[in-house]
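Heads up: the protein sequence lines correspond to chains A and B, in order. Under this note's numbering, the first residue of the first sequence carries the number 1, and numbering increases by one thereafter. Under this note's numbering, the first residue of the second sequence carries the number 311, and numbering increases by one thereafter.
For the record, the hints were derived by calculation from the structure and aren't laboratory data. Heads up, a few of these hints could be off.
Claimed, not checked - Here are the simulated DSS-like cross-link-like pairs (lysine-lysine), alpha carbons at most 30 Å apart as the crow flies:
(1) A:Lys134 to A:Lys103
(2) B:Lys360 to A:Lys134
(3) B:Lys433 to B:Lys493
(4) B:Lys659 to A:Lys134
(5) B:Lys367 to B:Lys329
(6) A:Lys134 to B:Lys744
(7) B:Lys759 to A:Lys134
(8) B:Lys659 to A:Lys103
(9) B:Lys492 to A:Lys103
(10) B:Lys367 to B:Lys843
(11) B:Lys754 to B:Lys843
(12) B:Lys527 to B:Lys411
(13) B:Lys662 to B:Lys329
(14) B:Lys662 to B:Lys759
(15) B:Lys312 to B:Lys416
(16) B:Lys527 to B:Lys659
(17) A:Lys296 to A:Lys256
(18) B:Lys367 to B:Lys527
(19) A:Lys103 to B:Lys433
(20) B:Lys744 to B:Lys754
(21) B:Lys527 to B:Lys312
Stated by the list, open to error - Residues from chain B that keep clear of chain A, each with C-beta distances beyond 10 Å, as calculated:
(22) Thr314
(23) Glu485
(24) Met508
(25) Gly512
(26) Leu636
(27) Ala690
(28) Arg710
(29) Gln866
For each residue, glycine too, the CB sits at the ideal point set by N, CA and C.
The primary structure of each chain is shown beneath.
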Amino acid sequence: MSEPIPLTIIGGYLGAGKTTLLNHILRHNDGYRLAVLVNDFGDINIDAELVENQDGETINLANGCICCNLADGFVAAINTILRQESRIDRMIVEASGVADPIKIAHYGQLQGVSLDAVIVVADAETVQAKATDKYVGYMVGQQLNSADILIMNKVDLIDQDQRQAVRAWLAKTAPQSRIYETQQGVVPLELLLGLDTKRETPTAAAWPDSESEQFVTWSYVEDVPLERALLARLLDDLPESLFRAKGFLNLMDDPKRRTILQLVGRRWLLSPGLAWDDESPRTRIVWIGENGQFEKESLAASLDACTRPA
Amino acid sequence: MKETYIYTGGDIITMDDAKPQVEAVAVQNGRILAVGELAEVQNAAGENAKVVNLDGKTLMPSFIDAHGHFMNAPRLITWANVSVPPVGEVESIPDIIRVLKAHVAKWKTAPGEWIIGYGYDAKLLAEGRELTRDDLDPHFPDNPIILIHVSNHGCVLNSKGFEYFNITAETPTPEGGVILRKKGSQEPAGLLMEMAFMPVFGQLPQPTEQELLELLKPAQMMYAAKGVTTITEGATHAHELKFLRKAAAQKRLFLDVVSQPLAMGGELYRTFAEYIIVGDDQEPQVIGNPEIEFGTYQDRLKLGGLKIVLDGSPQGKTAFWTQPILTPGPAGEENWRGAPLLPPEVVYKTFKSAAERNIPVYSHANGDAAIDMVIEAAEAAGITAADDRRNVVVHSNLMRPDQLDDYARLGLIPSFFTVHTFLWGDTHVENLGKERAFFLSPLKSAQEKGIRFTNHNDFSVTPQDPMFMVWTAVHRVSRNGMIIGPDQRVDVWSALKAITINAAYQYFEEDSKGSLEPGKLADMVILSDNPLKVDPITIRDIVVEETFKEGQSIYQRG
């Protein structure tokens, strides 16, 4: 059985900018074969020149991505994607404007897929009002509360003071999430989807460090085993500017095999991986943080501290 | 040669307020020629007319399904009914085995073929426990069995069924799901719920289009046997509309079918892809197209309106209320009020866009908050009663008294759902308290405000059974014997109007259906007894003897 396909849920109220964000992803897919699951083809408004053909509930795009509609439900759509001849790298589900993304995230347990992250888009200008609306207020609150990463969109439509106030309000309302500010739904792919570790050989020393306007990708490599409890404390208390991390760990209490780390927003998971066998055990974690905010040296120092038992 | 028939010799209920009961009815060319005293009817029909003696049975207009899901019928009739009464006849596990064996005999199910049942509910079984694979396996070792839970959120499988889906002791229980295990082991016992059920249901084998086309005849006969000659497909997906159009073109429909295409979640695009423009606000709008004509039958298929769904069901606690319910929500939530399935912006745009094109909107709304959303949207779209749009609020089940005034002002038609009083009345009292629960489907209050209402079974949520509907509208008695809102009971005449002349009105067909009046279609039913005369408690026992569609006898009780 092949590796499960990571599933990313994109939620948020009507008009928050989910569709713009999806359109952005489909045009800047960076070589990934993405499958986008939507309620509404009409909504995504794909560039005509991008469409290769349409086959029932599936639209094939020239760049290798596909759009699949949810007319027959998630199970049917996911099965359609799993049956594709060439493997899909990532699945992205656009939740309806009044859906609770957590409920959709449960589909991440279906065979063949695994939940990556819940991303929720909020309209910086209107989200506070919507959160108190007599009809949809409750659901908007549920949406914000289910986010691993909150995209605070349309920040160009409000002034600096409002921007700070909205951000502070979001941080208080959705304390479980990390917040990323943007406009016009422009969100870097690595933030939405993380890094595809399969693109690199697992035995490589590290993923290459890189820097874009918005993000820094940085690898931490360490041969000395890490202590689990210290690491857990560190992961619970990372700076706001860190959005994702992924890697293989060499843990003191589990020296014979890799431990896999997955971190999205504030949520992280350690799970047992393959045995090291002939390879010498070595921790390699790739971090994604916001450029200008993220201090590599201080993180490196904190991680180094996890090699020394308390 | 045109035959003329005169029906007499039994009670004849016209459903015409001006002339409620008559002695005779003459039918010619599929239409009512005359009604009245036998002599005057004979006079109008001429001396060659054939006289049909009703033998003391009761003739009345056939029934109009005000809301239901016809597209569920072709599959459902091939499934075994393992429901408890009154939906089915199952009261114990041996009953389930008996029903399944009879089903296999009837459909000649071959070894290896699926046996699908519906309506399973352990709560009301004599054994007081879940059915297990061990109950089923000895009797059905060679067929996979799936019995779908009455909530449609779960099922029971036998061993062949588990084998088909490869669900074993090693299968982990998904979050948000249930896999009932055998005592002291990890082996699945039979029951799967929610997230454990979803993938199973999604992978059940589907009938081919040809099989479904063939099943349309017995599906329509299921309605005819209950005296229904106008059927509703009240939430038609795009592919289903395509199928129905094909069936109509092949002349497979012998009853009238009113389809309300779903206008949400992308269905509008799929249904009317060629006829959609997308505005600057990215919202779909139906543009006029002569081929997509609402309101006229073509080969017995009519587009009767657009359907939107604003909330779920009160018994599933997914309706949307303004006030919290008294019990925890479906996932144990405190102060649960439910949530809307559509944003108010979309409801408004649907009303606005439909009103501009003279298309009625059918809004599924059970809870009072969902109903508020409908009222506000209709109001904002500038709709008033004087426009005669006949927008229908489907279910209007747990409304507030003040909302009836809004219905009257905006011309909203409530299509009520009174069988709830029997089937879930006790549950509603538990969840909502008596005051709110007793105002469930408030027929009497609506009537007092001069609001014309219809009543429906919402097949296949409940069985297609007009007499049960009348019985519940008249008695409102629950399973436990509580009267769910004594003030809201109506008389039998009013209950009958809700499924005849008022339902015709709902569909803009009151000039051709719903009562026995000269010129109207001879859509008629002969009943074993007169619902206006029998002891009202026995109304649900009245059976259909014969059903006519436009004068043609299409069903006779065997």
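Here is what the structure says about each hint:
{"no.": "1", "hint": "A:Lys134 to A:Lys103", "verdict": "22 Å, holds"}
{"no.": "2", "hint": "B:Lys360 to A:Lys134", "verdict": "64 Å, violated"}
{"no.": "3", "hint": "B:Lys433 to B:Lys493", "verdict": "20 Å, holds"}
{"no.": "4", "hint": "B:Lys659 to A:Lys134", "verdict": "19 Å, holds"}
{"no.": "5", "hint": "B:Lys367 to B:Lys329", "verdict": "19 Å, holds"}
{"no.": "6", "hint": "A:Lys134 to B:Lys744", "verdict": "25 Å, holds"}
{"no.": "7", "hint": "B:Lys759 to A:Lys134", "verdict": "28 Å, holds"}
{"no.": "8", "hint": "B:Lys659 to A:Lys103", "verdict": "27 Å, holds"}
{"no.": "9", "hint": "B:Lys492 to A:Lys103", "verdict": "28 Å, holds"}
{"no.": "10", "hint": "B:Lys367 to B:Lys843", "verdict": "12 Å, holds"}
{"no.": "11", "hint": "B:Lys754 to B:Lys843", "verdict": "21 Å, holds"}
{"no.": "12", "hint": "B:Lys527 to B:Lys411", "verdict": "24 Å, holds"}
{"no.": "13", "hint": "B:Lys662 to B:Lys329", "verdict": "40 Å, violated"}
{"no.": "14", "hint": "B:Lys662 to B:Lys759", "verdict": "26 Å, holds"}
{"no.": "15", "hint": "B:Lys312 to B:Lys416", "verdict": "40 Å, violated"}
{"no.": "16", "hint": "B:Lys527 to B:Lys659", "verdict": "38 Å, violated"}
{"no.": "17", "hint": "A:Lys296 to A:Lys256", "verdict": "29 Å, holds"}
{"no.": "18", "hint": "B:Lys367 to B:Lys527", "verdict": "27 Å, holds"}
{"no.": "19", "hint": "A:Lys103 to B:Lys433", "verdict": "26 Å, holds"}
{"no.": "20", "hint": "B:Lys744 to B:Lys754", "verdict": "17 Å, holds"}
{"no.": "21", "hint": "B:Lys527 to B:Lys312", "verdict": "27 Å, holds"}
{"no.": "22", "hint": "Thr314", "verdict": "50 Å, holds"}
{"no.": "23", "hint": "Glu485", "verdict": "6 Å, violated"}
{"no.": "24", "hint": "Met508", "verdict": "6 Å, violated"}
{"no.": "25", "hint": "Gly512", "verdict": "3 Å, violated"}
{"no.": "26", "hint": "Leu636", "verdict": "18 Å, holds"}
{"no.": "27", "hint": "Ala690", "verdict": "13 Å, holds"}
{"no.": "28", "hint": "Arg710", "verdict": "14 Å, holds"}
{"no.": "29", "hint": "Gln866", "verdict": "39 Å, holds"}
Hints 2, 13, 15, 16, 23, 24, 25, counting from the list given before, are not met by this structure.
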